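Here numbering that gives the first Met the number 0 is used: the first residue of the sequence shown is 0, the next is one more, and so on.
If you're looking for bench data, these hints aren't it; they were derived computationally from the structure.
As the structure is a computational prediction, the values presented were derived from the model and not from experiment.
Don't take each hint at face value.
What the hints assert, rightly or not - Label-pair ranges, simulated between beta-carbon atoms:
{"id": "1", "residue 1": "Ser-141", "residue 2": "Asn-94", "range": "33 to 41 Å"}
{"id": "2", "residue 1": "Glu-78", "residue 2": "Phe-44", "range": "12 to 20 Å"}
{"id": "3", "residue 1": "Gly-53", "residue 2": "Ala-122", "range": "29 to 37 Å"}
{"id": "4", "residue 1": "Ala-16", "residue 2": "Arg-91", "range": "30 to 38 Å"}
{"id": "5", "residue 1": "Asp-89", "residue 2": "Gly-136", "range": "27 to 35 Å"}
{"id": "6", "residue 1": "Val-15", "residue 2": "Leu-154", "range": "15 to 23 Å"}
{"id": "7", "residue 1": "Ile-139", "residue 2": "Leu-76", "range": "36 to 44 Å"}
{"id": "8", "residue 1": "Gly-63", "residue 2": "Arg-144", "range": "17 to 25 Å"}
{"id": "9", "residue 1": "Gly-136", "residue 2": "Asn-18", "range": "33 to 41 Å"}
{"id": "10", "residue 1": "Thr-153", "residue 2": "Glu-119", "range": "34 to 42 Å"}
{"id": "11", "residue 1": "Asp-111", "residue 2": "Asn-49", "range": "17 to 25 Å"}
{"id": "12", "residue 1": "Pro-126", "residue 2": "Asp-89", "range": "14 to 22 Å"}
{"id": "13", "residue 1": "Ser-134", "residue 2": "Asn-18", "range": "33 to 41 Å"}
Ideal Cβ positions, reconstructed from N, Cα and C, are used throughout, including at glycine.
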Amino acid sequence: MTMINILTKSSFSFEVAQNINFPALRRLLNDVAPLYPSFDAWLNFTFRRNMASGERRVLIAHNGSELVGAALLKDSLAEGKICTFFVSPDHRQMNIGGQLLDQALRELDRDDAFITVAEERKAELSPLLTSRGFSVGNSISSLYRPGSTEYLFTL
């Protein structure tokens, strides 16, 4: 008897979520939360409250049943920022991050978009960000946590 392994390619969709399930989003972002003090308060109050005005948007990557990535966007007159960018570890190396970043940049649609990256994630995110035209501008010490450095990537 011959055994055959069949590999199927998963299909992922990318969309701005109008009615995001915040508990599911928070679970996805569990690895990011410790890098930013008061993350839950920011997500549930600052970010969520400003969604109604359109200033904040959640771009998600999913496979129909599972949330696998998210980009939390701030698009105001003052700034176009990717506030949070994350792909679940089980779904990395599948170009989901690249597609999610491309869509985030289309959503922001501005030449001055930026993202700050915690020092713990800089090595991981730098190749993706630089491949899309970002460069490291300033580094800011103790921006969110005492003794840590946040790196500003700008277009």
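To see whether the hints hold, each was checked on the structure:
no.: 1; hint: Ser-141 x Asn-94: 33 to 41 Å; in the structure: 34 Å, holds
no.: 2; hint: Glu-78 x Phe-44: 12 to 20 Å; in the structure: 19 Å, holds
no.: 3; hint: Gly-53 x Ala-122: 29 to 37 Å; in the structure: 34 Å, holds
no.: 4; hint: Ala-16 x Arg-91: 30 to 38 Å; in the structure: 21 Å, violated
no.: 5; hint: Asp-89 x Gly-136: 27 to 35 Å; in the structure: 32 Å, holds
no.: 6; hint: Val-15 x Leu-154: 15 to 23 Å; in the structure: 20 Å, holds
no.: 7; hint: Ile-139 x Leu-76: 36 to 44 Å; in the structure: 23 Å, violated
no.: 8; hint: Gly-63 x Arg-144: 17 to 25 Å; in the structure: 36 Å, violated
no.: 9; hint: Gly-136 x Asn-18: 33 to 41 Å; in the structure: 35 Å, holds
no.: 10; hint: Thr-153 x Glu-119: 34 to 42 Å; in the structure: 20 Å, violated
no.: 11; hint: Asp-111 x Asn-49: 17 to 25 Å; in the structure: 19 Å, holds
no.: 12; hint: Pro-126 x Asp-89: 14 to 22 Å; in the structure: 20 Å, holds
no.: 13; hint: Ser-134 x Asn-18: 33 to 41 Å; in the structure: 36 Å, holds
In this structure, the earlier hints numbered 4, 7, 8, 10 are contradicted, and the remaining ones agree with it.
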